[in-house]
Each structure stands twice: as structure tokens, then as C-alpha cells.
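Respectively, the protein sequence lines represent chains P and H. So the first sequence is numbered by the working numbering: it starts at 1 and just counts up by one. So the second sequence is numbered by the working numbering: it starts at 260 and just counts up by one.
Derived by calculation from the structure, the hints in this document are not laboratory data. Accuracy of the hints is not assured; some may be wrong.
Said to hold, decoys possible - Below, computed lysine to any residue pairings styled on SDA-like, alpha-carbon distance capped at 20 Å:
| no. | chain 1 | residue 1 | chain 2 | residue 2 |
| --- | --- | --- | --- | --- |
| 1 | P | Lys-173 | H | Arg-477 |
| 2 | P | Lys-173 | P | Ser-71 |
| 3 | P | Lys-173 | P | Trp-124 |
| 4 | P | Lys-173 | H | Val-467 |
| 5 | H | Lys-268 | H | Ile-414 |
| 6 | P | Lys-173 | H | Leu-266 |
| 7 | P | Lys-173 | H | Thr-452 |
| 8 | H | Lys-268 | H | Asp-340 |
| 9 | P | Lys-173 | P | Leu-132 |
| 10 | H | Lys-268 | H | Ile-342 |
| 11 | P | Lys-173 | H | Ala-459 |
| 12 | P | Lys-173 | P | Met-67 |
| 13 | P | Lys-173 | H | Leu-433 |
| 14 | P | Lys-173 | H | Ala-265 |
| 15 | P | Lys-173 | H | Ile-430 |
| 16 | H | Lys-343 | H | Leu-426 |
| 17 | P | Lys-173 | P | Phe-68 |
| 18 | H | Lys-268 | H | Ser-345 |
| 19 | H | Lys-343 | H | Thr-452 |
| 20 | P | Lys-173 | H | Ala-455 |
| 21 | H | Lys-343 | H | Phe-263 |
| 22 | P | Lys-173 | P | Asp-125 |
| 23 | H | Lys-343 | P | Gln-153 |
| 24 | H | Lys-268 | H | Leu-362 |
| 25 | P | Lys-173 | H | Leu-358 |
| 26 | H | Lys-268 | H | Leu-366 |
| 27 | P | Lys-173 | P | Phe-214 |
| 28 | H | Lys-343 | H | Arg-477 |
| 29 | H | Lys-268 | H | Leu-378 |
| 30 | H | Lys-343 | H | Ile-423 |
| 31 | P | Lys-173 | H | Leu-303 |
| 32 | H | Lys-268 | H | Glu-350 |
| 33 | P | Lys-173 | H | Leu-426 |
| 34 | H | Lys-343 | H | Ile-430 |
| 35 | H | Lys-268 | H | Ala-351 |
| 36 | H | Lys-343 | H | Leu-266 |
| 37 | P | Lys-173 | P | Trp-122 |
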Amino acid sequence: MTFINQLANPTRFMALSGSLLPWIAGLSGILFIVGFYGAFFSAPADYQQGETIRIMYIHVPAAWLAMFFYSLMTASAIGALVWRHPLAEVAQKAAAPIGAAFALICLLTGALWGRPMWGTYWVWDARLTSMLVLLLIYLAIMALWRTIDEPTQAGRAVSILTLVGFVNIPIIKFSVDWWNTLHQPASVFRMDGPTIHPSMLWPLLVCAVAFSLFAVALHLVAMRTEIMRRRIRTLTILAADRAEQQPNGGSLIARGPAE
Amino acid sequence: MSAFLALVKRDLALALRIGGGASFALVFFLMIVTLTPFAIGPDLNLLARIAPAILWIGAVLATLIGLDRLFQADAEDGTLDLIKASALPLEAVVLAKCLAHWLTTGLPLALAAPLFGLLLAMEPAGMAAASASLLVGTPALTFIGAVGAALTAGIRRGGVLIAIMALPLMIPVLIFGVAACNAAVGGTIAFATPFAILCALTLIFAVVGVIGAAAGLRQSD
Numbered sequence: 001m002t003f004i005n006q007l008a009n010p011t012r013f014m015a016l017s018g019s020l021l022p023w024i025a026g027l028s029g030i031l032f033i034v035g036f037y038g039a040f041f042s043a044p045a046d047y048q049q050g051e052t053i054r055i056m057y058i059h060v061p062a063a064w065l066a067m068f069f070y071s072l073m074t075a076s077a078i079g080a081l082v083w084r085h086p087l088a089e090v091a092q093k094a095a096a097p098i099g100a101a102f103a104l105i106c107l108l109t110g111a112l113w114g115r116p117m118w119g120t121y122w123v124w125d126a127r128l129t130s131m132l133v134l135l136l137i138y139l140a141i142m143a144l145w146r147t148i149d150e151p152t153q154a155g156r157a158v159s160i161l162t163l164v165g166f167v168n169i170p171i172i173k174f175s176v177d178w179w180n181t182l183h184q185p186a187s188v189f190r191m192d193g194p195t196i197h198p199s200m201l202w203p204l205l206v207c208a209v210a211f212s213l214f215a216v217a218l219h220l221v222a223m224r225t226e227i228m229r230r231r232i233r234t235l236t237i238l239a240a241d242r243a244e245q246q247p248n249g250g251s252l253i254a255r256g257p258a259e
Numbered sequence: 260m261s262a263f264l265a266l267v268k269r270d271l272a273l274a275l276r277i278g279g280g281a282s283f284a285l286v287f288f289l290m291i292v293t294l295t296p297f298a299i300g301p302d303l304n305l306l307a308r309i310a311p312a313i314l315w316i317g318a319v320l321a322t323l324i325g326l327d328r329l330f331q332a333d334a335e336d337g338t339l340d341l342i343k344a345s346a347l348p349l350e351a352v353v354l355a356k357c358l359a360h361w362l363t364t365g366l367p368l369a370l371a372a373p374l375f376g377l378l379l380a381m382e383p384a385g386m387a388a389a390s391a392s393l394l395v396g397t398p399a400l401t402f403i404g405a406v407g408a409a410l411t412a413g414i415r416r417g418g419v420l421i422a423i424m425a426l427p428l429m430i431p432v433l434i435f436g437v438a439a440c441n442a443a444v445g446g447t448i449a450f451a452t453p454f455a456i457l458c459a460l461t462l463i464f465a466v467v468g469v470i471g472a473a474a475g476l477r478q479s480d
């Protein structure tokens with residue numbers, strides 16, 4: 001907890017994340033090379049699904065990360081509401097578009113895989129539908145972030161929406177599963193086979209770690225950008241205040257050559 | 260308790276007298292029921308089959324009416340600050356306002372459902388099921404919407420935002436509401452199964468929605 005408290009200082013966070021970022025990104029890049037080599041060259045094609053099985057090495061990590069980033073947002077929302085950590089708010093805001101992007105990647109790769117396998121880009125399968133609803137919730141959270149100007153107020157409003165969404169996700173998952181079994185008896189091929197051969201498992205795990213590190217790197221960059229954006233906002237407000245107090249100049253905003 | 264009832268009474272009076280909020284939801288519901296046959300054709304067999312879906316979609320959309328003003332109107336004229344300063348817990352305030360909203364939207368929809376079911380060639384059993392499922396299911400819609408309404412109380416043009424935030428969370432209610440209607444007119448499952456889950460959803464959202472909306476109102480100051 002003390003470590004997290006120390007990290008919660010934005011200045012310290014900027015210093016630490018700045019020095020860690022190249023390492024995380026570099027490691028992610030190396031693992032991507034290894035994982036994609038395994039996925040596209042070393043791993044065998046599936047006896048049933050053929051070469052399309054290789055989509056799995058992107059699809060599955062994206063699905064994991066889409067769910068992971070919602071959990072991250074929930075943890076940050078609790079941090080923002082209970083301890084009022086500014087950094088928790090920043091983490092929450094930075095996580096939403098990344099999570100949404102991974103949900104979208106998961107849906108798109110799933111559609112590309114579904115076309116040759118199921119003969120259609122989209123079926124109302126329980127898993128696909130749940131992921132679509134997760135994407136919708138991500139989009140709603142991003143919409144709320146954009147609507148409220150004041151960052152702290154937006155942070156608290158979004159935290160509440162995130163937590164209400166988090167309580168709802170198991171309910172939605174249960175409902176969609178129930179709805180799906182009612183309408184559509186298990187007719188589609190499912191990915192959750194009992195075993196996966198080691199020659200396919202290791203590239204999948206390496207890809208998952210590579211994608212996770214990539215996502216962490218993206219998240220750190222997004223957080224750093226958000227912190228800087230807030231600093232600029234504060235500086236602008238201070239400058240505007242100062243300019244108001246002394247009407248003849250004092251503005252931080254450079255005067256253009258036209259004046 | 261008297262403050263709670265006074266708040267319900269005030270909101271009901273406002274809904275009934277100003278702008279006709281209560282009748283709008285019902286007219287909107289009728290519009291959706293009328294538009295659907297134009298879109299899919301006047302085939303009565305098909306209409307009867309999808310009637311529960313039409314009624315429930317109509318109910319979900321009609322619930323959104325009035326939600327954007329649920330807290331916003333009070334926030335704008337300062338009433339909300341006075342209510343917050345009163346001894347009544349904010350959760351009870353939210354519950355009172357939700358109750359008034361439901362009495363003017365959800366309840367009329369549930370009562371009108373059999374009549375609109377006639378237009379869609381529903382069987383009597385289906386009509387009764389639609390009415391019953393709307394009666395127990397629409398409060399959940401109001402409670403979910405209240406969270407969105409509370410979060411956007413201070414924002415102009417929050418209406419579309421409420422729809423975007425609330426509709427994904429309304430999916431479970433929609434699923435079990437339609438399932439209960441379908442189960443009543445045949446099918447493999449008993450009516451009681453989805454109906455009981457629908458009741459459970461309403462109870463869950465009565466807690467989650469009220470606490471969430473109260474927290475949403477608190478954060479705005």
C-alpha cells in the first residue's frame with residue numbers, strides 16, 4: 001500500500017513510468033516477434049479449422065485484455081471514489097479507449113474467423129453478444145468522459161457508472177447465456193475444446209504476454225498524456241486568472257504577430 | 260415518511276399537470292406499436308409471434324422519456340439543493356422520484372399492454388403475461404435509468420447520453436421480460452422461471468439503481 005501511495009504522486013509516477021516505458025515496450029516487441037513466429041510459422045494448422053486457427057493468437061489475448069481493462073477500470077474507480085486518488089482517475093480514463101479497442105479487435109477477428117468457419121461474419125452466439133455488450137458499455141463510459149468538462153467531476157461520475165456496470169456485467173452474461181440457449185441450441189462450433197496441444201499453447205501464451213505488455217505500455221503512455229493534459233489545463237486556468245487580475249498583459253499565451 | 264410521500268405527490272402533480280409527461284409515454288408506446296406493422300407488414304401470424312418483443316422494446320424506449328428531466332429540472336431551479344439539505348436520505352429521495360416516474364410511465368404501459376396487444380393479434384394468455392411482466396419489469400427499467408439521469412443531472416442535452424448509458428444495462432430485463440411473455444403462450448419453459456428472474460432483477464436494480472443514483476447526485480456538488 002505504501003508503494004501504491006508513493007506511486008500516487010503524479011510527479012513520481014511520471015519519473016518512474018518514463019524510465020520503465022522503454023523496457024516494457026521493448027520486451028513486448030521481442031515477445032511479439034517470438035510469439036508471432038510461433039503463431040504463424042512454428043505452430044501447426046488445426047486439423048479441423050486449418051490456417052484460420054492462427055487468428056486465435058490475436059483474438060484470445062484481445063478478449064482477455066478487453067475484460068482485464070474493465071477490471072482495471074473498476075479497481076481505479078474504487079480508488080478514485082474512496083481515496084480520491086487523482087492518479088486513479090487518470091488510470092481509469094486512460095483505460096477506457098484501450099479496453100474498447102481490444103473489445104473491437106476481439107469482435108473483428110472473431111468475425112473474420114467466423115466467415116470461413118461458420119459461413120457468416122456474425123452469429124448471435126452468447127460469447128460474441130456478451131463482448132458486443134461490453135463494447136457498448138465501454139462506449140457509454142467514453143461518452144460520459146467526453147460530456148463533463150471538469151476532470152474531477154467527470155472522474156467521479158464515470159466511477160459510479162463503471163461500478164454500476166461492473167455489478168451488471170455478470171447479470172448480463174447470465175442473461176445472454178440463458179437467452180442464447182433458449183433460442184439457439186448449441187449448433188455452433190465452440191472454441192473451448194478440452195485440451196490444446198502444447199505446440200499451439202506456447203505461442204498463445206507468449207502472444208498473450210506480449211499483448212499484455214503492449215497494453216500496459218499503451219496505458220502508461222495514455223496516463224502520461226492525460227497527466228500532461230491536466231497540467232496544461234491547470235496552467236491555462238492560472239494564466240487566465242493572472243491575466244484577469246492585471247489587464248495589461250501577463251498572459252501566458254503568446255501574442256501573435258498580428259497584434 | 261411524510262416528506263417521502265410529499266415528494267411523490269409533488270412529482271406526480273408535476274408530471275400530470277405540466278407538459279403531459281405521463282400521457283406522452285403512453286402515446287409514444289402506441290406510436291411504436293403502430294409503426295412496427297408498417298415496417299414488417301400486416302401479417303397477423305408474424306405480428307402475434309413478435310408482439311411481446313414489440314411491446315417490450317416499446318416499453319424500454321418509452322421509459323427513457325422523462326428520464327432526462329428526472330433530476331435535471333430540480334437541479335436547474337435549485338430544488339435539488341433544498342431536497343439534499345432536508346433530513347430525508349438522498350436514497351429515499353431517489354426512491355420517491357423513481358416511484359413517481361414509474362407511476363406515470365411504467366404502470367400506464369403495463370395497464371395498456373392488453374389493449375395494444377389486440378392490435379398485434381396477441382392471445383389472451385399472452386396479453387395477461389405481457390401485462391404482468393411489464394408490471395414487475397418496468398420498475399427495473401426506471402431504476403437503471405435513474406442512475407443515468409443522476410449522472411447527467413448537471414449536463415445540458417443529457418438525453419441521448421442517458422439512453423447510451425442505460426440501454427446496455429437494460430438488456431437482461433428485456434431478455435427475461437420477453438421470455439416470460441413467450442413462455443406463457445407455449446414453449447419449453449414454465450412461465451414462472453423467467454418471471455421469477457424478472458422479479459429478482461427488479462429487486463436487484465431497486466438496490467443498485469437507488470444507491471448508484473444517490474451517489475451520482477452527491478458527486479455533482
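Here is what the structure says about each hint:
With a C-alpha separation of about 30 Å, the suggested pairing of P:Lys-173 with H:Arg-477 is violated against the 20 Å cut-off. Of the pairs offered as hints, the one joining P:Lys-173 and P:Ser-71 holds, with about 15 Å between alpha carbons and a cut-off of 20 Å not exceeded. Our distance criterion of 20 Å between C-alpha atoms is met by P:Lys-173 and P:Trp-124, whose separation comes to about 13 Å. Annotation: proposed proximity of P:Lys-173 to H:Val-467 holds, straight-line Cα distance about 17 Å (limit 20 Å).
The suggested pairing of H:Lys-268 with H:Ile-414 is violated, with an alpha-carbon distance near 26 Å, which exceeds 20 Å. Distance check on the hinted pair: P:Lys-173 and H:Leu-266 sit about 36 Å apart at the alpha-carbon level, beyond 20 Å; violated. Proximity of P:Lys-173 to H:Thr-452 is assessed by CA-CA distance (about 18 Å); at most 20 Å being required, the pair is judged to hold. Restraint check for H:Lys-268 and H:Asp-340: satisfied, since their Cα atoms lie roughly 19 Å apart, inside the 20 Å limit.
The hinted pair formed by P:Lys-173 and P:Leu-132 meets the criterion: a straight-line CA distance of about 11 Å does not exceed 20 Å. For the hint pairing H:Lys-268 with H:Ile-342, the CA-to-CA distance comes to about 14 Å; that is within 20 Å, so the pair holds. A distance of roughly 16 Å separates the Cα atoms of P:Lys-173 and H:Ala-459; the hinted pair therefore holds under the 20 Å criterion. This hinted pair checks out: P:Lys-173 and P:Met-67 have alpha carbons roughly 12 Å apart, not beyond 20 Å.
A C-alpha spacing of about 14 Å is found between P:Lys-173 and H:Leu-433, which places the hinted pair at or below 20 Å, so the restraint holds. Straight-line distance between C-alpha atoms of P:Lys-173 and H:Ala-265 comes to about 39 Å, which puts the hinted pair past the 20 Å bound. With a C-alpha separation of about 10 Å, the suggested pair P:Lys-173 and H:Ile-430 falls inside the 20 Å cut-off, and the hint holds. The suggested pairing of H:Lys-343 with H:Leu-426 is violated, with an alpha-carbon distance near 28 Å, which exceeds 20 Å.
A C-alpha spacing of about 16 Å is found between P:Lys-173 and P:Phe-68, which places the hinted pair at or below 20 Å, so the restraint holds. Our distance criterion of 20 Å between C-alpha atoms is met by H:Lys-268 and H:Ser-345, whose separation comes to about 17 Å. Using a Cα cut-off of 20 Å, the hinted pair H:Lys-343 and H:Thr-452 is violated, with the two alpha carbons roughly 40 Å apart. Note on P:Lys-173 and H:Ala-455: the hinted pairing holds, with a Cα-Cα distance of about 18 Å set against a maximum of 20 Å.
As the CA atoms of H:Lys-343 and H:Phe-263 are separated by approximately 13 Å, the hinted pair is consistent with the 20 Å bound. The straight-line distance between the Cα atoms of P:Lys-173 and P:Asp-125 is roughly 12 Å, inside the 20 Å bound, and the hint therefore holds. Between the alpha carbons of H:Lys-343 and P:Gln-153 the distance comes to roughly 18 Å, so the proposed pair stays at or under 20 Å and holds. Proximity of H:Lys-268 to H:Leu-362 is assessed by CA-CA distance (about 11 Å); at most 20 Å being required, the pair is judged to hold.
A hinted pair counts as satisfied when its Cα atoms are at most 20 Å apart, and P:Lys-173 with H:Leu-358 does not qualify at roughly 28 Å. The hinted pair formed by H:Lys-268 and H:Leu-366 meets the criterion: a straight-line CA distance of about 16 Å does not exceed 20 Å. Straight-line distance between C-alpha atoms of P:Lys-173 and P:Phe-214 comes to about 28 Å, which puts the hinted pair past the 20 Å bound. Of the supplied pair hints, the one linking H:Lys-343 and H:Arg-477 holds, its CA atoms being roughly 9 Å apart against a limit of 20 Å.
A distance of roughly 34 Å separates the Cα atoms of H:Lys-268 and H:Leu-378; the hinted pair therefore is violated under the 20 Å criterion. With a CA separation close to 27 Å, the supplied pair H:Lys-343 and H:Ile-423 exceeds the 20 Å bound. For the proposed pair P:Lys-173 and H:Leu-303, the alpha carbon gap of about 34 Å is over 20 Å, so the pair is violated. Restraint check for H:Lys-268 and H:Glu-350: the C-alpha separation of about 17 Å stays at or below 20 Å, so the hint holds.
Between P:Lys-173 and H:Leu-426 the CA atoms are separated by roughly 15 Å; this keeps the pair inside 20 Å, and the hint holds. With a C-alpha separation of about 32 Å, the suggested pairing of H:Lys-343 with H:Ile-430 is violated against the 20 Å cut-off. About 14 Å separates the Cα atoms of H:Lys-268 and H:Ala-351, which keeps this hinted pair within 20 Å; it holds. Between H:Lys-343 and H:Leu-266 the alpha-carbon distance is near 12 Å, which keeps this suggested pair within the 20 Å criterion.
The suggested pairing of P:Lys-173 with P:Trp-122 holds, with an alpha-carbon distance near 18 Å, which does not exceed 20 Å.
Going down the numbered hints, you'll see the structure goes against 1, 5, 6, 14, 16, 19, 25, 27, 29, 30, 31 and 34, while the others check out.
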